[in-house]
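Trainee: Residues per chain, in single letters:
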Amino acid sequence: MILPPASQIRPHQRILHDLRAQIARIGHAGRPAHPMLPFGVPAIDRHLPQGGLALGAVHQITDATHAAATPLFIAGVLARLDGMVLWCLRTQDLFAPSLASVGLHPDRVIYAEPEDDAGVLLCLEEGLRQPGLAAVVGEVARLPMTASRRLQLAAEASGVTAFIIRRWRRAAEAIEFAQPSAAVTSWRIAAAPSAPLPVPGVGRARWRVELVRSRGGAAGAWDMEACDAEGCLALSADLADRSVAASPERAA
Amino acid sequence: MPLDAPLVCAGTEGSRRIVTAADHAAQALGIHPGLPLAQAQARVPGLVIAPADPAADAAALDRLAIWVLRRYSPLVGNDPPDGLLIDITGAAHRLGGEDGLCADLQIRLRQAGITGRTAIADTIGAAHARARFTARTIPDLPITALRLGADLVIPLRRLGFMRIAELEAAPRAPLARRFGAHLGRRLDQLFGRLPEPLQPITPADIIRVRHDFAEPIGTADALAHATHALTAAICAALEPAGLGARRLDLVFHRVDASLAAIRIGTARPLRDAGRLAKLLLDRLDQVDPGFGVEAMTLAAPLAEPLAYRQASSLQPDRAGDVSALIDTLTNRLGAARLYRAAPVESDIPERSVRRIPALAPPTGATWPSYPRPSRLLPHPEPVDTIALLPDQPPVQFTWRGKPRRIKRADGPERVFGEWWRDAAETFAVRDYFVVEDGGGARFWLFRCGDGEDAGTGSQRWYLHGFFG
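Same order as they appear, the protein sequences are chains A and B. Just so we're aligned: the first sequence equals residues 1 to 252 in this note's numbering. Just so we're aligned: the second sequence equals residues 253 to 720 in this note's numbering.
For the record, the hints were derived by calculation from the structure and aren't laboratory data. This structure is a prediction, so every number in the text was calculated from the model and none was measured. Careful, some of the hints might be misleading.
Said to hold, decoys possible - So the derived list for chain B, only partly shown, Cβ under 10 Å to chain A, looks like this:
| id | residue |
| --- | --- |
| 1 | Gly-401 |
| 2 | Pro-620 |
| 3 | Val-687 |
Even glycine gets a Cβ: it sits at the ideal position worked out from N, Cα and C.
All chains should be built: construct the whole structure from the sequences, respecting the hints.
Mentor: This is how it looks when you write it as structure tokens:
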């Protein structure tokens, strides 16, 4: 865990800072601290305890509809990392050209097609034990606590990051997402109406990105413009200068 | 020699010359193996006769067996004069199951100019019979399918036994007194009542190490320990030859003379005992040691030159790490389930992606940056739309019973059929639209046809994918 240097902290926060450092030492005893990857969006980066997305950790992401935004959200992060990616599929509907459109080159992605959820989790764990990979991505419906804990330990040991796309056949199963897991962060992404254009047409896609759970941090939600060709997110232009929670349409 | 002339091979049996083999053309004219040659010549004028060469036939069968051993299964036996026995237990998943393996074998044999017939069965006897005779069930098969010599078949026929079912129904004791124990043994082997171990071929040019145990072993720890010892031994044997293993077969000799085997493959030649042992141990749980294993052999049926390489402590070998992962996953999932995607120059979305091996050299190529959905339906699904013809995007569409009002739309992006692939596509057109509903969900719709000319398509609308 990366913490700001103690000199920059006001005295009444000193105790909190010391306690956090102590917890970090206990939690990661004997393990190397892994770097993090900032989103490049100060509003989100400030919100996350490490100042960015923790690498060498498990992150789970789900999607409100059609599971179409999650692959792009993840590919956008991967585009800014180096190295090969293992992508474990259970369904055959992922369309590779879209990943390339957010900056993840097809030469960097190895796809695996295990037969079931258990196979996906085994492949992910195998990938997490290989320090040569940048990240592993897997689509599963169920993520039991034991499995996520195993993945988290493997990720911490190797420094490889795991992204788990939670995807359900029926909408009613989505309640699974509320089950506890060892994932460091849980995200939910929903499509939002795109930016209005002065001419007829579809503008840059927008997402409502919700940080549902974050270990050692608070939840949050942001209206974002989807990944560009380099995989970078951006705050929606008309919201960039104020916080989402304070905006009247959200409060209503 | 004319190519389509009927051809037979002729050999001698005792004092007479007989047909030993006949090609399709000759068989169509009623000539079958066993017919006296003079009779065949009388029936078909212009019959082309080649001298039979059993030794060359056997050598060719051996060569084919070695090829099958390298490609399909660690346990391959000869079934002379014209058969191969392949134990595909645990070997079929790499080629898409039993049917996939059979189809692959048939295709490759045909490409090599060999007419082959395959059959899969639980016992050697049944597989032998099903490959040579067609019958609805095993008892319906003729008694010649039992792998008996002519000295047994002819007297049995004379007694009126035609089908295996009749032999099964007859009391065993008088048959055994008249014909010996062999007949009963063949029947029992056919139905799996007697075990029949496969005698696998062990070609001399394949590097192989063997470990015999003083006492049969059966525990997972002991098998793992022996596996480690064998991999170390085979790496030591591969090193002087400058070879690395591409395929390793670990064969377990059980105390009841039956065999079990596991096979692993590597993407690149490998001589690292630790990594090879890890790949083998990953599959060790699929082996049933039965009443104990008294010997294990490890062979490298496929080995390729492996040169020494300069190791550098400054640059850790990242690519090498990935190849270890690929090997593990390939052995677990099969090579077809592990791939990379590469672009194909085609405007038809479902044809624009092809699969390449996971460790293929980087292509450097990517797709042109048109808007493409992140989820593509495997088959476009028809939707009901309200749309103005010829080139307006729909105002509303109904997919899976749910109507969606469209707020924004982009298009059309016109995709033409590929006439060089299929004449039916010459005039085919698809007009793709990106549409967004009130909630911001984005869809990829297309109209089959250009909206005017019925020759370009049915003018029906389909949903093809979802944008993120």
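Trainee: Hints first: check each against the structure and report whether it holds.
Mentor: Here is what the structure says about each hint:
no.: 1; hint: Gly-401; verdict: violated, 47 Å
no.: 2; hint: Pro-620; verdict: holds, 9 Å
no.: 3; hint: Val-687; verdict: holds, 7 Å
Hint compliance for this structure: hint 1 alone is broken.
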